[in-house]
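Trainee: Given the coordinates of chain A, assemble chain B onto it according to the supplied hints.
Chains A and B, in that order, give the protein sequences. Quick note on numbering: the first sequence equals residues 1 to 365 in this note's numbering. Quick note on numbering: the second sequence equals residues 1001 to 1232 in this note's numbering.
Possibly wrong hints are sitting among the right ones.
As the list claims (entries may be wrong) - Beyond 12 Å from chain B on every Cβ pair, some chain A residues (computed):
| hint | residue |
| --- | --- |
| 1 | Pro55 |
| 2 | Asp113 |
| 3 | Gly211 |
| 4 | Val214 |
| 5 | Pro236 |
| 6 | Ser302 |
| 7 | Phe344 |
To be verified - A few chain A residues facing chain B, derived, Cβ under 7 Å:
| hint | residue |
| --- | --- |
| 8 | Asp44 |
| 9 | Ile45 |
| 10 | Ala47 |
| 11 | Gly97 |
| 12 | Phe213 |
| 13 | Gly215 |
| 14 | Leu216 |
To be verified - Beyond 10 Å from chain A on every Cβ pair, some chain B residues (computed):
| hint | residue |
| --- | --- |
| 15 | Gly1010 |
| 16 | Arg1029 |
| 17 | Gly1031 |
| 18 | Glu1082 |
| 19 | Pro1102 |
| 20 | Asn1103 |
| 21 | Ala1119 |
| 22 | Gly1120 |
| 23 | Ala1124 |
| 24 | His1125 |
| 25 | Leu1129 |
| 26 | Ala1149 |
| 27 | Leu1153 |
| 28 | Lys1165 |
| 29 | His1186 |
| 30 | Ala1219 |
FYI, nobody ran anything at the bench for these hints, they're computed from the structure. Owing to the predicted nature of the structure, the values given are computational and were not obtained by experimental measurement. From the three backbone atoms N, C-alpha and C, an ideal C-beta is built for every residue, glycine too.
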Amino acid sequence: MTPKAAIRAEGERFLQAFVAAGAVPVEADILQPAGTLLDLYGEDIRARAYVTDDPVRGEMMLRPDFTVPVVQAHMAHGAEPARYAYLGEVFRKQARGSGRASEYLQVGYEVFDRAAPEAADAEVFALFRDLLSGLDLRPVTGDIGILMAAVRGLDTTERRKSALLRHVWRPARFRALLDRFAGRAPVPAGRLALLERLKAGSPAQLIEDAGTFVGLRSPEEIAARAEALVADAGTPPIKAPEAALLYDLLSLEAPAAHALAHLRGITSMLPAIAPAVDRFAARLEALSAKGVDVTTLAFEASHGRTALEYYDGFVFSFLKDGMPPVASGGRYDALTAVLGAGAFIPAVGGVIRPGLVARLKGAVA
Amino acid sequence: MIRIGVPSKGRLMQDCFDWFGARGVVMRRTGSDREYSGVIEGFEGVAPVLLSAGEIPRELAAGRIHLGVTGSDLVREQLGDEEVAEVAKLGFGQADLILAVPNVWIDVETVDDLDAAAAGFRKAHGHRLRIATKYHRLVREFLQAQGVADYQLVDSQGATEGTVKNGTAEAIADITSSGETLRANHLRILSDGLIHSSEAVLWASRTAEWAAADRAAYAGLAAKLGVAARPF
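Only chain A is shown next, with the shape it has when bound in the complex (with noise of 0.2 Å):
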């Protein structure tokens, strides 16, 4: 076999697992259109996805992935609850000399059922697990929604938690904002300076004085976060224990079971991520259910809080030193309320790379 068909017959068998699991193998198009998926990953899909033109359709995209487009079909037409797989190539745009693929194959498995959303996360990580086992990969969980619960029930103003949940997925962004917020990293200069020149008049004013007015922005808009920036200003620190609290659940890496009780330890300090943990508490029980030992089960609170992900609640990986990820997923709701045009649907999936699977049996180089 060449390597490219023992890489497909590889696909093929955990697709047949999908099936015998229970999903309808679906099918999706290479060609996506690129205004989707630029609206939900932003300017940085470009650095990833391949970009090309359509004569009639547009600027287009190479499938980067298949979770939406799934999603996409089952919001149109689906029945619930519902469990799809589906095999085929994916393209993403790497790095110069990183020496990793550009186009590969990708065995997924989506569930949407709104009945049991713990169990349904269980059943994906424990049949995971199950095609994987033997190869020897280390398995990582997470849980975007308790950081999410977190920042929602700080005791601060609206506009610093909707700034703050905005950057969830861009660690760096996060920080900086939650230093600030916290009274942890000084003011900007640059901030400042804009503090002491919005001082000097009404923004109405200060708009009108800076000159001929260009650009769609207007000028109520920037009145608007001008007064914004200024009450903002007097709001006071994010109070020392709270922000304490949330810089530990940044950095919190424990077994599954260890992890929870610590969270419940902190939950009377931090009520509102209560219902989440409560959520973790029943997922590990689910996954006890299905022979996970949570008691070793690595968890990082901050797992799969990278760019170009969409993941709002739990998330999982099987890594394997000096490989990408052998498999991923995760949670996301929001991304089904985004993408359903108002209708929603709890989902959870995950992909293999069945490249990797066939390395690491020795099957191709």
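Mentor: Frame of chain A; chain B shown alone:
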């Protein structure tokens, strides 16, 4: 024979000839004013190739020239370290790639403000804040490194400063040396909006075929110019 790409006209060509001339490598154009050919006097094994400065990165990447003089903005936008090595900064052709916003945006002073303004703009207008530029890669990498969201790049190959007034962009990223065109178009540079400080650089191609004779010729040239003997 080492082929060295040099800008074919204007100030950049003259500055380039002056830089080499000051180091005893005399370049000049031959034939009529309109003919793009040149010679190097008093030095064997090196031939100048007169090219548009904008085409020099492509020729370096393709390995059709061994060396080339052009702006670091153009090379960093188009090429990576696998394709070219920097031999020497030449100290002329300075210009900055910067981010600028309308001067009436009294609430925007830094990239951080731009990010926040982009969030509000997207909510109010239903599309991402547009930044006009021809330097897509440099601008995207800069904004990505700073964690800016909710923007989109729109291509502008010229008269970029006019795009805001014309309603095709909300902000711009462009090359400026004095900032006068920006001011005339009612734009202001963000205080931390310097994306790339560009200047003329002598580059070596990693993809060109460097025969033994070429390497020997380069060693002689490098000694005369006072630049790295083995840039790659």
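Trainee: Now look at each hint and say whether the structure bears it out.
Mentor: Hint-by-hint comparison with the structure:
Taking the minimum C-beta to C-beta distance to chain B, about 18 Å, the non-interface status of A:Pro55 holds against the 12 Å cut. Residue-level check passed: A:Asp113 sits 30 Å from the nearest beta carbon of chain B, beyond 12 Å. With a minimum CB-CB distance of about 6 Å to chain B, A:Gly211 fails to clear the 12 Å threshold, and the non-interface call is violated. With 12 Å as the threshold on Cβ separation, the claim that A:Val214 sits away from chain B is violated: the shortest Cβ distance comes to roughly 5 Å.
Remark: the non-interface label on A:Pro236 is consistent with the geometry, its nearest Cβ contact in chain B lying 20 Å away (cut-off 12 Å). Here A:Ser302 stays apart from chain B, with its beta-carbon at least about 15 Å from theirs, past the 12 Å limit. The non-interface label for A:Phe344 is consistent with chain B: the shortest C-beta to C-beta separation is roughly 20 Å, beyond 12 Å. Interface hint at A:Asp44: satisfied, since its Cβ lies 5 Å from the closest Cβ of chain B, which is below the 7 Å cut-off.
With its C-beta approaching chain B no nearer than about 10 Å, A:Ile45 sits outside the 7 Å limit, and its interface hint is violated. Nearest Cβ of chain B to the Cβ of A:Ala47: about 6 Å, under the 7 Å cut. The hint holds. For A:Gly97, the interface hint holds, the least distance from its beta-carbon to any beta-carbon of chain B being 6 Å, beneath 7 Å. With 7 Å as the threshold, the beta carbon of A:Phe213 comes within range of chain B, its nearest partner Cβ sitting at about 5 Å, so the hint holds.
Interface hint at A:Gly215: satisfied, since its Cβ lies 4 Å from the closest Cβ of chain B, which is below the 7 Å cut-off. This hint holds: A:Leu216 has a C-beta 6 Å from the nearest C-beta of chain B, less than the 7 Å allowed. For B:Gly1010, the condition that its CB be more than 10 Å from all CB atoms of chain A holds, with the nearest at approximately 31 Å. The claim that B:Arg1029 lies off the interface holds: its Cβ sits roughly 36 Å from the closest Cβ of chain A, which is beyond the 10 Å cut-off.
The claim that B:Gly1031 lies off the interface holds: its Cβ sits roughly 40 Å from the closest Cβ of chain A, which is beyond the 10 Å cut-off. Here B:Glu1082 does not stay apart from chain A, with its beta-carbon only about 5 Å from theirs, under the 10 Å limit. With a minimum CB-CB distance of about 4 Å to chain A, B:Pro1102 fails to clear the 10 Å threshold, and the non-interface call is violated. Residue placement check: B:Asn1103 does not keep its beta carbon more than 10 Å from all beta carbons of chain A (closest about 5 Å).
A cut-off of 10 Å between C-beta atoms contradicts the statement that B:Ala1119 is not in contact with chain A; the least separation is 6 Å. A beta-carbon of chain A is positioned within 10 Å of the beta-carbon of B:Gly1120; the least distance is around 6 Å. A Cβ of chain A approaches the Cβ of B:Ala1124 within 10 Å, the least distance being about 6 Å, so the stated non-interface status is violated. Annotated as non-interface, B:His1125 brings its C-beta within 10 Å of a C-beta of chain A; the closest such distance is 7 Å.
The Cβ of B:Leu1129 sits about 8 Å from the closest Cβ of chain A, inside the 10 Å cut-off, so the non-interface label is violated. Not every beta carbon of chain A lies more than 10 Å from that of B:Ala1149, the smallest distance being close to 5 Å; the non-interface claim is violated. Annotated as non-interface, B:Leu1153 brings its C-beta within 10 Å of a C-beta of chain A; the closest such distance is 6 Å. Some Cβ of chain A comes within 10 Å of the Cβ of B:Lys1165; the nearest lies about 5 Å off, and the non-interface call is violated.
Once the 10 Å rule is applied to beta carbons, B:His1186 is inconsistent with being away from chain A; the minimum gap is 5 Å. Under the 10 Å C-beta cut-off, the non-interface status given to B:Ala1219 relative to chain A holds; the minimum distance is some 27 Å.
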